[in-house]
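2 protein chains.
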Amino acid sequence: MVPRFKEEIETPALVIDLDIMERNLRRMAEYFRNKPAKLRPHAKTHKCPIIAHKQLLLGAAGITCAKLGEAEVLVRAGIRDVLIANQVTGISKIRRLASLSRHSDVIVAVDTVENAVQISEAAREARAGVNVIIEVEVGMERCGVPPEKVAVLARRVARLNAINFRGVMGYEGHCVFVQDPDERRRKTAEANSRLLAARDEVLRAGIPCEIVSAGGTGTYDITGRCEGITEVQAGSYVFMDATYKKIVSEFECALTVLATVVSRPTKERVIIDAGLKAFSEGFGLPTPVSPNLVFEKLSEEHGKLRLLDGDVKCGEKLEFIPSHCCTACNLHDRYYGVRGGRVEAVWPIEARGMGT
Amino acid sequence: MVPRFKEEIETPALVIDLDIMERNLRRMAEYFRNKPAKLRPHAKTHKCPIIAHKQLLLGAAGITCAKLGEAEVLVRAGIRDVLIANQVTGISKIRRLASLSRHSDVIVAVDTVENAVQISEAAREARAGVNVIIEVEVGMERCGVPPEKVAVLARRVARLNAINFRGVMGYEGHCVFVQDPDERRRKTAEANSRLLAARDEVLRAGIPCEIVSAGGTGTYDITGRCEGITEVQAGSYVFMDATYKKIVSEFECALTVLATVVSRPTKERVIIDAGLKAFSEGFGLPTPVSPNLVFEKLSEEHGKLRLLDGDVKCGEKLEFIPSHCCTACNLHDRYYGVRGGRVEAVWPIEARGMGT
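Top line first, the protein sequences correspond to chains A and B. Be aware that the first sequence starts at 1, since it is given in this note's numbering, and climbs by one per residue. Be aware that the second sequence starts at 1, since it is given in this note's numbering, and climbs by one per residue.
Hints are computed from structural coordinates only; laboratory data are not their basis. Be a bit skeptical, because a hint or two may be false.
Pairs count within a copy or across copies, as identical chains cannot be separated in the list.
What the hints assert, rightly or not - Quick list of in silico lysine-lysine cross-link-like pairs, DSSO-like style, CA-CA up to 30 Å:
| id | residue 1 | residue 2 |
| --- | --- | --- |
| 1 | K38 | K149 |
| 2 | K245 | K297 |
| 3 | K297 | K187 |
| 4 | K297 | K246 |
| 5 | K267 | K149 |
Work out the full structure: start from the sequences and follow the hints.
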């Protein structure tokens, strides 16, 4: 039975304030309206095709995702231009990638020639063409090739059969949570210089480099203004969370976890039915919407709060802003979209668990 | 397509070594064979009905779970004696609980008379009888009533219509990870004394107290030997994890996350396709099965490792022991049961996401 009002939703549950989410979507779309870079929103945050379609309707250039399984969900929902911003390795997944390319314009990141060769072979077998970009190591020390080695790789990739070489990408993940805005700006500019140096190497090798993809919610207003970047992969802006709110305060928190009070053992202690399996834990404790509560501890199935003022009763429902929206959404099967207290939509989180 | 061999499983994936799991199940069953207390395994760890049935076949007295939604999954799979070791609050859930009682012998914990009254009313409406135990605060400072207040509550609960008062429970969660074995033993004994004091109060009030439920994997050999305790709610022993292994070394790690190498940017750096959304993070980093690898960092979709010796290639599969099995299992949709390298079973984690 679909609940009619927010108070009727069984908990723990993910609630989207639709008015706020729509404001976030419009605000980001507006920012990119007059920029040379386009927005390519990252679906790893919401994992939900209807939200991706809303982003496209507002002018996004395409959608980003993290995993092949997520791309498959998006393509099945009618989205063609999907960037998998990671490497896909292992022969069975590479075959799935080739098949998916027959039904979409999916783009995948590579950082070795061996991986590109395998993709080329699978694509030829599937009679598909696979779009490929090279991931550049821009300072995060994770995946990718350093700028000075990109041209050599691009030359070898571009001449492979059934591969369409499209450009380069980088992710300045090491800059996102730098608290000082000047320092964040400086480090992000440095990362973007590395990516643009890689692009220049590719161009000097006589290879077209249509896509230069980078960025995220934490750096959208730096990378989005950087000459030469063609698209920005922001994800979290759609919902925001307590951690991102400290970095990009112009977006509002649209997502909460709704929980129910299950125990009131002492005057000050409030126990809710949402713990580690309803929130995620990496970025710290959730933030109560009510200023009368302080979050003290998350255990597996319980949240422990301290009541500062007033009273709350067993069975009462409370809302909390997750510390990290992307991992919190990965724990739930659906969103309840609420407007003015009424449940307007129930959206399955279709790409949840599609990590493979 | 069901993979035939472990190497064919697409990643990230949860793999159970069935031989090891069966040894763990047998070892724990064996321990309780000659004890006055019975084992009531906690299904919050595996969330998988077929494993619960295996535990019952080996002599378990019933199954424990954390949530009403988990109990519904277990009952649908034919398990009748299910303890929900938490409070169920809010009228719509209480109605579900009453309905479930018509199809099972479900038992639920309460710690207020108001909650018990609501359950009684819903049970009467549903023409059901609901089994109830009182949660006692044994020192964890979470839910429950202190021992000295249990008799008053028991008297009021036991006389409610459509309620079967069955006993008391406590959880000594604050003792589980006490590293020093003597200190753990002392604190657990103290917690058990509080629970038994509560039972004595109930008995003195002239109310039968059939169930005295407590314990977990970390304290099974203390609480399981404690005179007066009737059942022990151990869960993690089935799979174990890197954290529990330090406490109860007699059980073996049966569960791993299988991951694929997606990038080898430097001689020492290995990047896998499993991050925060494939492991959980609360108890620390996962442990590589290979001694040649050190886990350095988990980000959302990536694990970053340092290679000490030898070589690993892109596309190669590696195994890792999660730091916390209960939350890791909550991120996946299925287990691959493997014996001697062959995939023998694929089991949906049916109660995953059943937190409501």
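These are the hints, each one checked on the structure:
When the C-alpha separation of K38 and K149 is checked against a cutoff of 30 Å, the pair qualifies only within one copy, where the shortest distance is 27 Å, while the shortest distance between copies is 64 Å. With identical chains, the CA atoms of K245 and K297 are at most 30 Å apart both within one copy (21 Å) and between copies (24 Å). With identical chains, the CA atoms of K297 and K187 are at most 30 Å apart between copies only, with a shortest distance of 21 Å across copies and 34 Å within one. In this assembly of identical chains, the alpha carbons of K297 and K246 lie at most 30 Å apart whether taken from the same copy (21 Å) or from different copies (23 Å).
Taking CA atoms no more than 30 Å apart as the test, K267 paired with K149 passes between copies only; the shortest distance there is 15 Å, against 63 Å inside one copy.
When the structure is compared with the earlier hints, no violation turns up for any of them.
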